[in-house]
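Colleague: Protein chains in written order, with this note's numbering: chain Z, 202 to 546; chain G, 202 to 546; chain R, 202 to 546; chain Y, 202 to 546.
Any given hint could turn out to be false.
Which copy is meant is left open, so a pair is good if it fits within one copy or across any two.
[Stated by the list, open to error] Straight-line C-alpha distance at most 16 Å; calculated EDC-like pairs for lysine to aspartate or glutamate: (1) 289 to 265; (2) 502 to 426; (3) 498 to 459; (4) 502 to 418; (5) 366 to 418; (6) 471 to 537; (7) 471 to 535; (8) 343 to 328; (9) 366 to 426.
No lab work stands behind these hints, which were simulated from the structure alone.
Number of protein chains: 4
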Amino acid sequence: MIRAAIVGANGYTGFELMKLIYGHPGLTLTSAASRSNAGSKISDLYPALGFAYGNMTFTEPDVDTIAKNADVVFTALPHAASAEIGGKFYDKGVKVIDLSADFRYTDIGLYENTYKVTHPRPDLNKEAVYGLCEINRDKIKKAAVIGNPGCYTTCSILPLYPLIKSGVIQDKGIIIDAASGITGAGRKADVAYNFCESDGNYKAYGVTTHRHATEIEEKLTFGDERISVSFTPHLLPVKRGILATVYANTASGATASDIDKAYSLYKDEKFAVATGEGVLPELKWVVQSNVCAFGYKLDAKNGRIIIVSAIDNLLKGASGQAVQNCNIMFGLPETDGLPVIGTHL
Amino acid sequence: MIRAAIVGANGYTGFELMKLIYGHPGLTLTSAASRSNAGSKISDLYPALGFAYGNMTFTEPDVDTIAKNADVVFTALPHAASAEIGGKFYDKGVKVIDLSADFRYTDIGLYENTYKVTHPRPDLNKEAVYGLCEINRDKIKKAAVIGNPGCYTTCSILPLYPLIKSGVIQDKGIIIDAASGITGAGRKADVAYNFCESDGNYKAYGVTTHRHATEIEEKLTFGDERISVSFTPHLLPVKRGILATVYANTASGATASDIDKAYSLYKDEKFAVATGEGVLPELKWVVQSNVCAFGYKLDAKNGRIIIVSAIDNLLKGASGQAVQNCNIMFGLPETDGLPVIGTHL
Amino acid sequence: MIRAAIVGANGYTGFELMKLIYGHPGLTLTSAASRSNAGSKISDLYPALGFAYGNMTFTEPDVDTIAKNADVVFTALPHAASAEIGGKFYDKGVKVIDLSADFRYTDIGLYENTYKVTHPRPDLNKEAVYGLCEINRDKIKKAAVIGNPGCYTTCSILPLYPLIKSGVIQDKGIIIDAASGITGAGRKADVAYNFCESDGNYKAYGVTTHRHATEIEEKLTFGDERISVSFTPHLLPVKRGILATVYANTASGATASDIDKAYSLYKDEKFAVATGEGVLPELKWVVQSNVCAFGYKLDAKNGRIIIVSAIDNLLKGASGQAVQNCNIMFGLPETDGLPVIGTHL
Amino acid sequence: MIRAAIVGANGYTGFELMKLIYGHPGLTLTSAASRSNAGSKISDLYPALGFAYGNMTFTEPDVDTIAKNADVVFTALPHAASAEIGGKFYDKGVKVIDLSADFRYTDIGLYENTYKVTHPRPDLNKEAVYGLCEINRDKIKKAAVIGNPGCYTTCSILPLYPLIKSGVIQDKGIIIDAASGITGAGRKADVAYNFCESDGNYKAYGVTTHRHATEIEEKLTFGDERISVSFTPHLLPVKRGILATVYANTASGATASDIDKAYSLYKDEKFAVATGEGVLPELKWVVQSNVCAFGYKLDAKNGRIIIVSAIDNLLKGASGQAVQNCNIMFGLPETDGLPVIGTHL
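Required output: the full structure, derived from the provided sequences and hints.
Modeller: Here's what the structure looks like:
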């Protein structure tokens, strides 16, 4: 059994990791650390976990103690704090899967500009692998540090990567209009996320300024100049899931069969599924699963393709992909412990 | 035009009062006071109000200033604070409609035991009228201070009062199993009320300890000894509305026609509607209206009546009834400014 | 009092019309016709209306009977059927406000292509006025037949019209990415709209094929050649409201002050509100009100403007605008009977 | 691998069974039969299942064909039809787990009175075991036919059984006030269950007439005379889960420790969890898990106990318990394939 620890276990990604690890045949949870909840029972915060973990408590995020009983640590702290403690685990030989943005960028300047912090471990950033499993699987196998991708970015990059790379769409003029469930905002006391303020509501936010835009732009740039996308996130009155509607200009003469050919990259993938022309995934197809599904429609009149891509933001968009990365790093079957079928209901 | 002021205008009952007053042909809003929001625009908190009130701001809760331009003040502060400031307005000749529990109890000891505070104005409490409009209309006409009833209590007392009073049900063994929308908890930052923690959830709370029980017990006692009810509130994943399912033992031989006869008390009422045997109101019949509707089913096998009663907790259960009280006090048509038709959708 | 009748009163737009008319100081409901519900009580279908209309029943859609007691008829039937019966009312001198698409298009061919029907009254179509109140007010005053605009179209045209007309944005390359509440699908038995299939879900539909696209294109064409927009509707898990996120290419050198100047067209409007740069309306600002509110963000990096526009699909997007048209046609105050403040909660 | 077939696979219990079987280490799905959907792909109805089952189709409910490849069949058809086809499988030596009410009652007369049908296989009913796992485990091990308990009944019986049996509560005067998610109504086209009619709503239904009452009464009768309960179901605006609030009169002198002692019956159970005094489960503790959790509060003033019990209606209340029964019948680990941790979010 691979011994897994979580630092920052009290948040929603921590909840999902604890749940996934409990059901995983090859992983066992050795520590669930949370500074703010240290000493209290996991079941006080998440009674549902109590039926599995009984009286287990959150611990202090003490690196020495945790590292002794861990082969891998999932770090889920705020930006900069996450890389700092993650780096200490790395220094002790523990593999690190970081769910913050700290190890996602190749260009540290872009990261620092985007997140307005100084990167605490530029040395480690060089070694870190961007954990988009279907694209970087070979590198992930050998990685010691993973920058686990963002939720909007996973949902956007998976469908766009093969199309831009193969040239069937243009990399100029891309618009990503996306909508996320409220778990994307994390577990925090804020009137704006109260049921009474959110139910029945829908809104755009972070228009032209959301930080996931630069991560998308870096990962989708194959030429010399970084591409520029318009990224508009919205907040849905649902708990989970992201649906991205992507508008791109097709290359001259590009057909559905060209698109499908580009998507054959994913033909053996369980968690990146191209559904084909005219089959547009809905949120409920993927919520509570680790699948990212995407389909498209050609808009010949306007020379565009319209792609609809769906994921569960807490699974393929966060903790599920983190476990998938862990499976790859430790040579476990890649789907172990990961739900293929969502809840639909 | 009657000049109305609100103290504690930033909460949800304040929002509803501002909305009702705007649409009321006989009332005009002269001040909306809120210590925590003084100086900021009403539309910053509630953009929907901005389309009506433009750049109007919240003011400090300064009694002297507010009283100069007010015939009536709606006080909606926490318990004890509300009676204290309400008392000052009374001292200046402004009529007071208090939405806290401060002026609801005849028995000050019961109030103090229930709310764990010392009543700041016992003198005034003697004069205050319990503002359950359909029951106390004549007293309300002449009142200077109104204790506006609680939400659960209005929903429970209206259907039970005529039945207990007329003796068709027993006053022993009553169970009130009720469910409320989340606006009942007010506008506050608390993870427990976050969309992600509330949507899809349902729970009991305050079992055997909820404070509305003593208010119900006092108002439904017609004999020497205060009656005792089991009151179990639940939290619904909806914004608004209360549905109470009430179990009572019928008097020996009591029939549906006895029940209906007792309910003829309300035959001319617009906002207390007995729907008859077998017609059980649903939440959507009344949400966003000022109507309290109740129907019943006789459970002959078990010697019980099962009553289902529904209201909008923020309207007939709070601000709507407050405006209804205001209409009665100032001799305005009782339905003025109050919605008869809810939203259904 | 203006005597109003409704044909097709059983649907959701019918419900809203009955509700608005009840609260309107200048209108009285003389008939609510519905073939499928004729003879049954309005309150059987909509108990909330029963508190206002008592035992009033739906009638057969008999033109002769209804016309005798009506100054205006609101027709809300399926396409083609609506114009046919509307035409008969017109022939009897009753003013017609039609909520279907039948009288919305100037170009009958475009209408017939879009809706795949033959227009039953091309003669009348010539006389009909497109009832977008803020744009066509003067024509509406004199109209006998109104084609009441669609919901997505009202939400899209109001913010785009002044910008295209004044040339601050280009009319080529416009993308409208919109999301609607489920009442937009009407009142029908269909598993796809069941709570269990819709709650927590979000999906795109009608991509590249939705019929409102041609209505938008016709109304926003000022040159010789009809413009072309990409229109992508989505289904939100909410009951009401539409939020449209619109992407357009700005004219070279266009600034926020140019945009604001174009929007000064609406400076005296109560129901078309430009909120300015960086102030992006949310659904809850307008739901249950007749207001269409829109703000924008300039995306200088990509040479675009991103507009967010919100309405209540059943009010400003249907029945509210219909009553607004009625007010204009009969010289009543334009805001009479129409909610300025939405429910927020 | 145990070969499992489903008859009536298109409904929501069928969906859950297909999902559970896919993730079960000891079961494999050999047929998913549905008369109405025969020949169409499972993924057409439930795209989420497509990521697991690919192009597998629903088959006709042909007993001969299905029986050849099945060790066990889950029958989920309407009452009477279910026992009829289930009986044919039994005749061919296939074990039957029936999710309808057909094999739940010992007293066939009570069944026939309750469901208004003639039992098609009274012979088999004698042999059938009531599949409430924690109570009847030993009988289930040897059973060939299981009557899988109802959802409300499982949620009600598990907490009441030990208390009545041990005499710490009285069996007279029990009230069960329960609320269910809308999946309880199944997958059907009915305006009443549309999102727009259900969201934000809450209502009682089947008051004094719901069929689960007689099932509860039979299973909780230990004396000569069948007990009588008041059972009031409500419909919650959530997809899944049942919360039952139960009122019972305590035996004279009964204390919390007496209650806890009675509940020690479940001390080793994973799926029936007594949470103790004052710890009242919420829906989100159990939704998407197979756990039934129940806690209680003593109401000394009124001589009552108030129990709150929660389950997922589709899992422990239907398909989860069916799989648990299957595990017991075939000697598989009882928790195999069954979720202990719900989704919370």
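Colleague: None of the hints should be skipped; say for each whether it holds.
Modeller: Quick rundown of the hints versus the structure:
When the C-alpha separation of residue 289 and residue 265 is checked against a cutoff of 16 Å, the pair qualifies only within one copy, where the shortest distance is 9 Å, while the shortest distance between copies is 62 Å. In the homo-oligomer, the alpha carbons of residue 502 and residue 426 lie at most 16 Å apart only across protomers (14 Å), although the nearest pairing inside one protomer, at 29 Å, exceeds that limit. For a Cα distance limit of 16 Å, the shortest separation of residue 498 from residue 459 inside one copy, 13 Å, qualifies, whereas the shortest one across copies, 35 Å, does not. For a Cα distance limit of 16 Å, the shortest separation of residue 502 from residue 418 across copies, 13 Å, qualifies, whereas the shortest one inside one copy, 27 Å, does not.
For the homomeric pair residue 366 and residue 418, the shortest alpha-carbon distance inside one copy (13 Å) is at most 16 Å, but the shortest distance between copies (34 Å) is not. When the C-alpha separation of residue 471 and residue 537 is checked against a cutoff of 16 Å, the pair qualifies only within one copy, where the shortest distance is 12 Å, while the shortest distance between copies is 23 Å. For a Cα distance limit of 16 Å, the shortest separation of residue 471 from residue 535 inside one copy, 9 Å, qualifies, whereas the shortest one across copies, 29 Å, does not. Proximity of residue 343 and residue 328 under a CA criterion of 16 Å is satisfied intra-copy only: 10 Å inside one chain copy versus 59 Å between copies.
Proximity of residue 366 and residue 426 under a CA criterion of 16 Å is satisfied intra-copy only: 14 Å inside one chain copy versus 36 Å between copies.
Consistency with the previously given hints is maintained throughout, with no hint failing.
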